[in-house]
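Number of protein chains: 2
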Amino acid sequence: MEIIIDIDNSVPLFAQLMTQIKEAVLRDRISPGAALPSIRQLANDLELNNKTVAKAYRLLERDSVIQTKGYRGTFVHPDAKVNCTVDLNEWVTTKLGETIAAFRESSVTDSEIRIAFGNVMNSRNN
Amino acid sequence: MEIIIDIDNSVPLFAQLMTQIKEAVLRDRISPGAALPSIRQLANDLELNNKTVAKAYRLLERDSVIQTKGYRGTFVHPDAKVNCTVDLNEWVTTKLGETIAAFRESSVTDSEIRIAFGNVMNSRNN
DNA sequence: ATATGACCCATGTGTAGTAATGGTACAACA
DNA sequence: TGTTGTACCATTACTACACATGGGTCATAT
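Protein chains in written order, with my numbering: chain A, 26 to 151; chain B, 26 to 151.
Errors might be hidden in some of the hints.
Just so you know, same-sequence chains aren't split out, so a pair can sit in one copy or run between any two.
No more than 20 Å apart at the CA atoms, straight line, and that leaves these computed lysine to aspartate or glutamate pairs for EDC-like [unchecked claim]:
| # | residue 1 | residue 2 |
| --- | --- | --- |
| 1 | Lys80 | Glu137 |
| 2 | Lys76 | Glu137 |
| 3 | Lys94 | Glu130 |
| 4 | Lys120 | Glu72 |
| 5 | Lys94 | Glu48 |
| 6 | Lys120 | Asp33 |
| 7 | Lys76 | Asp135 |
| 8 | Lys76 | Asp112 |
| 9 | Lys120 | Glu137 |
Derived from the structure by calculation, the hints contain no laboratory data.
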C-alpha cells in the first residue's frame with residue numbers, strides 16, 4: 026500500500042489519507058478483512074501526527090470502510106468496497122443545498138442564513 | 026419615536042435598530058403609513074453610519090414592515106403590524122435545525138456539516 | 001514490557017465571514 | 001440646489017473555526 030501525502034496540497038492531510046485508503050480498497054490493493062497499519066505506525070511512516078491519522082481512521086470507520094477492534098488493530102471492513110462508493114458528504118451537500126435554495130427563494134439574506142446556521146450549530150446539547 | 030442604541034451591546038447595531046422599529050410599530054407608537062426619518066437623518070440622530078441605518082431599512086422593507094418610495098422617503102407598511110409578528114428568522118432556524126438534526130442522526134461530524142455549508146454558500150452564481 | 005485504539009489537556013496558524021466605518025456617485029424628484 | 005434611496009469603491013477590528021501539532025493517560029490485550 027503506497028500512500029503519498031503532499032504537505033503543499035491544500036487538501037487537508039487527513040482527507041488525503043482517507044481518499045488514498047478508499048482508492049486502495051476500490052482498486053483491490055487491499056482486501057476486505059486485511060489488517061491496516063496501526064495509527065502510530067502509519068503516522069510514523071508518513072511523518073504525520075498520531076491525531077491526524079486517528080482522525081482519518083475514525084471517519085473511515087464511521088463510513089464503514091474500516092473496522093477498529095481495539096487492541097487488536099484496524100481492519101478493512103467486509104463491505105468496504107460498497108461503502109467506499111457511498112459519499113456521505115455528497116448527500117449532505119445536496120440536502121443542505123435544497124434547504125438553502127428555499128431560503129434564498131424567500132429572499133433571506135446569506136448573512137441571516139449564516140447566523141441562523143451558527144445558532145443551530147452552537148445550541149446543541151451533548 | 027425614541028430609539029436607543031447601545032454600542033456596548035453585543036447585538037449588532039442594525040439589529041437593535043430593526044428590533045426597536047418593529048416594537049414601536051407593535052406598540053402603536055408609529056402608525057402604518059406614517060413617514061419614517063430618512064436614512065441620513067436617522068443616522069445623524071443616532072450617531073450611526075448611513076450604511077448601518079440603510080441596512081436596517083433594507084431588511085425591514087424585505088420583511089414588509091416598511092416601504093421605501095425613492096425620493097419620497099420611507100413609510101411604515103400598511104400591513105406592518107401583521108408582518109412584524111412574522112419572524113422569518115424563526116422559520117429559517119427551525120427548518121435548518123431539522124435538516125442538521127438529520128445529519129447528526131447519520132453521525133455526520135459538525136465539521137463536515139460546516140464545510141458542506143460553506144461550500145453551498147460559496148458556490149452560487151450571482 | 002509492549003502495543004492497540006481512544007481520550008484528555010493544550011497551542012499555533014491560517015482562513016473566512018460579520019459588522020461597521022468612510023468616501024463618492026447616481027437618477028428621480030421638489 | 002437640496003433631498004431621497006441606492007449603488008459602488010474601500011478598510012479596520014473582531015470572531016469563529018479548521019487543521020495540525022504536542023504531551024499525557026487509560027484499559028485492554030499479547
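Homomeric proximity label, lysine 94 with glutamate 48: Cα distance no greater than 20 Å: neither (22 Å within a copy, 59 Å between copies)
Intra/inter-copy verdict for lysine 120 and aspartate 33 if alpha-carbon distance must be at most 20 Å: neither (32 Å within a copy, 39 Å between copies)
At most 20 Å between C-alpha atoms: does lysine 120 with glutamate 137 qualify within a copy, between copies, both, or neither?
Both: 19 Å inside a copy, 13 Å across copies.
With identical chains, the pair lysine 76 and aspartate 135 could be close in the same copy or across copies; at 20 Å between alpha carbons, which is it: within, between, both, or neither? between (34 Å within a copy, 18 Å between copies)
Could you place lysine 120 and glutamate 72 in one of the four classes (within, between, both, neither) given a Cα distance threshold of 20 Å? Classified as neither: same-chain Cα gap 37 Å, cross-chain 44 Å, threshold 20 Å.
Cα distance capped at 20 Å. Does lysine 94 pair with glutamate 130 within a copy, between copies, both, or neither? For lysine 94 and glutamate 130, neither the intra-copy (48 Å) nor the inter-copy (23 Å) Cα distance is at most 20 Å.
Inset, instruction - Give the relationship of lysine 76 and aspartate 112 under a CA distance limit of 20 Å: within one copy only, between copies only, both, or neither. - result: neither (23 Å within a copy, 43 Å between copies)
Q) Is it within, between, both, or neither for lysine 76 and glutamate 137, if the alpha carbons may be no more than 20 Å apart? A) between (35 Å within a copy, 17 Å between copies)
Original post:
Between the shortest in-copy and the shortest cross-copy C-alpha distance, which are at most 20 Å for lysine 80 and glutamate 137: within, between, both, or neither?
Top reply: Answer is between; shortest inter-copy Cα gap is 12 Å, intra-copy 32 Å.
Hints 3, 4, 5, 6 and 8 from the list above are not met by this structure, while the remaining hints are.
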